[in-house]
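**Q** Let the sequences and hints guide you as you build the complete structure.
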Amino acid sequence: MTIASLLEPITGKPGPARLTHAVDWMQGRTLYGGASALVAFTMAQRAFPDLPPLRAAQIGFVAPVGEQIELSAEIVRQGRNVTQVRSEIKADGKTALTAFWLFGGERDANALRQGDKPDNWPGPPTENPQAMKGQGPAFIQNNFEVRYGQAKDEDHGATIRRWARLSENHNLEPVSKLVLMGDVMPPGAMRIMQRMGPISSINWSFNVLDPHTQSEGGWYLAENASQHADAGYSSERLRMWDSEGRQVLDGLQCVAVFG
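In my numbering, the protein residues as written are 10 to 268.
Hints were generated in silico from the structure; no laboratory data involved. Keep in mind that a hint or two might mislead.
In the DMTMM-like style, the derived pairs of lysine to aspartate or glutamate whose C-alpha atoms are separated by at most 20 Å in a straight line are [said to hold, decoys possible]: (1) LYS99 / GLU83; (2) LYS99 / ASP128; (3) LYS22 / GLU76; (4) LYS103 / ASP128; (5) LYS22 / ASP101; (6) LYS142 / ASP33; (7) LYS22 / ASP59; (8) LYS22 / GLU79; (9) LYS99 / GLU76; (10) LYS126 / ASP33; (11) LYS126 / ASP59; (12) LYS99 / GLU154; (13) LYS103 / GLU136; (14) LYS142 / ASP162; (15) LYS103 / GLU76; (16) LYS142 / ASP101; (17) LYS126 / ASP259; (18) LYS142 / ASP128; (19) LYS126 / GLU136; (20) LYS22 / GLU83; (21) LYS161 / GLU136; (22) LYS126 / ASP219; (23) LYS126 / GLU17; (24) LYS161 / GLU182.
For each label pair, taking beta carbons as the anchor points, the in silico distance ranges come out as [to be verified]: (25) THR29 / ARG255: 32 to 38 Å; (26) GLN236 / GLN77: 34 to 40 Å; (27) GLU177 / ARG255: 21 to 27 Å; (28) LYS161 / LYS22: 14 to 20 Å.
Note that CB positions come from ideal geometry on N, CA and C, so glycine has one too.
**A** Quick look at the structure:
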């Protein structure tokens, strides 16, 4: 099922909406984090269609997001270059997701630095074997193609890196695709869990480094790495690169680790 079908009920007008195709993007009791973030982002875009490109976001995953939701969006501040927008998803009358989006127009660069390329470049996705075939949540099996982005039989500590792309041409503009795909990998803490148990994303903050990205074949190298894990939580760094090794997304996430 295309992501367009999920986003179709979002008109940009505040009020209730029914995501009739939410089942295709569910992760347990809730909509997959990237999909629920995209719902909130699309609400902001459609409520205010003349916004400049997205530069950064802070997202709180508060409660499960299902089929029946209520949407809202408001401009918090609009300056000469930067517009800040808040959008929310409510379920059963309570906040389920809250998001703060920072949109900014381009200016002449007074500082130049490219993001770092990943260590141990894995080579193009076509040279790496398929990963997660028949494994993982149904939303990944139905909507993504995943290939290894690191040697399969080596110890990579608390880092998970995979090539990923949408399995169908969803006709998403570049930033929407990054929002949808940026949270697709499981947390790196899964590699160091002493006992298997559930995990849950609590928040997600990210900077968009290239809002115009067009990666060959739709492939992006996604990496989740636990920077610190203790007391039932993991601090994760989330990064994405295009097929040429140019970093396009830089993020941070807090994950609850149960079990």
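**Q** Against each hint, give a clear statement of whether it holds in the structure.
**A** Against the structure, the hints:
1. Under the criterion of a C-alpha separation no larger than 20 Å, the hint pairing LYS99 with GLU83 is consistent with the structure, at around 15 Å.
2. For the proposed pair LYS99 and ASP128, the alpha carbon gap of about 40 Å is over 20 Å, so the pair is violated.
3. Between LYS22 and GLU76 the alpha-carbon distance is near 17 Å, which keeps this suggested pair within the 20 Å criterion.
4. The suggested pairing of LYS103 with ASP128 is violated, with an alpha-carbon distance near 43 Å, which exceeds 20 Å.
5. Restraint check for LYS22 and ASP101: the C-alpha separation of about 19 Å stays at or below 20 Å, so the hint holds.
6. A threshold of 20 Å between alpha carbons decides the hint, and for LYS142 with ASP33 the separation of about 17 Å falls inside it, so the pair holds.
7. At most 20 Å may separate the alpha-carbon atoms for a hinted pair to count; LYS22 and ASP59 meet this at roughly 15 Å.
8. Among the hinted pairs, LYS22 with GLU79 is consistent with the structure: their alpha-carbon atoms are about 10 Å apart, no more than 20 Å.
9. With a CA separation close to 11 Å, the supplied pair LYS99 and GLU76 stays within the 20 Å bound.
10. The suggested pairing of LYS126 with ASP33 is violated, with an alpha-carbon distance near 33 Å, which exceeds 20 Å.
11. Distance check on the hinted pair: LYS126 and ASP59 sit about 33 Å apart at the alpha-carbon level, beyond 20 Å; violated.
12. Between the alpha carbons of LYS99 and GLU154 the distance comes to roughly 31 Å, so the proposed pair goes past 20 Å and is violated.
13. At roughly 46 Å between alpha-carbon atoms, LYS103 and GLU136 are farther apart than 20 Å, so this suggested pair is violated.
14. A threshold of 20 Å between alpha carbons decides the hint, and for LYS142 with ASP162 the separation of about 17 Å falls inside it, so the pair holds.
15. For the proposed pair LYS103 and GLU76, the alpha carbon gap of about 14 Å is at most 20 Å, so the pair holds.
16. Taking the CA atoms of LYS142 and ASP101, the gap is about 35 Å. The hint is violated against a cut of 20 Å.
17. Our distance criterion of 20 Å between C-alpha atoms is met by LYS126 and ASP259, whose separation comes to about 12 Å.
18. Of the pairs offered as hints, the one joining LYS142 and ASP128 is violated, with about 25 Å between alpha carbons and a cut-off of 20 Å exceeded.
19. A threshold of 20 Å between alpha carbons decides the hint, and for LYS126 with GLU136 the separation of about 18 Å falls inside it, so the pair holds.
20. Proximity of LYS22 to GLU83 is assessed by CA-CA distance (about 11 Å); at most 20 Å being required, the pair is judged to hold.
21. At roughly 13 Å between alpha-carbon atoms, LYS161 and GLU136 fall within 20 Å of each other, so this suggested pair holds.
22. As the CA atoms of LYS126 and ASP219 are separated by approximately 14 Å, the hinted pair is consistent with the 20 Å bound.
23. Of the supplied pair hints, the one linking LYS126 and GLU17 is violated, its CA atoms being roughly 36 Å apart against a limit of 20 Å.
24. Proposed proximity of LYS161 and GLU182 is contradicted: the alpha carbons are some 32 Å apart, above 20 Å.
25. For the pair THR29 and ARG255, the beta carbons lie near 37 Å from each other, so the given range of 32 to 38 Å is met.
26. The hinted window of 34 to 40 Å between GLN236 and GLN77 holds, with their beta carbons roughly 36 Å apart.
27. Under the hint 21 to 27 Å, the C-beta atoms of GLU177 and ARG255, about 24 Å apart, fit the expected range.
28. The beta-carbon spacing between LYS161 and LYS22, approximately 48 Å, falls outside the hinted interval of 14 to 20 Å.
In summary, the numbered hints that this structure violates are 2, 4, 10, 11, 12, 13, 16, 18, 23, 24, 28.
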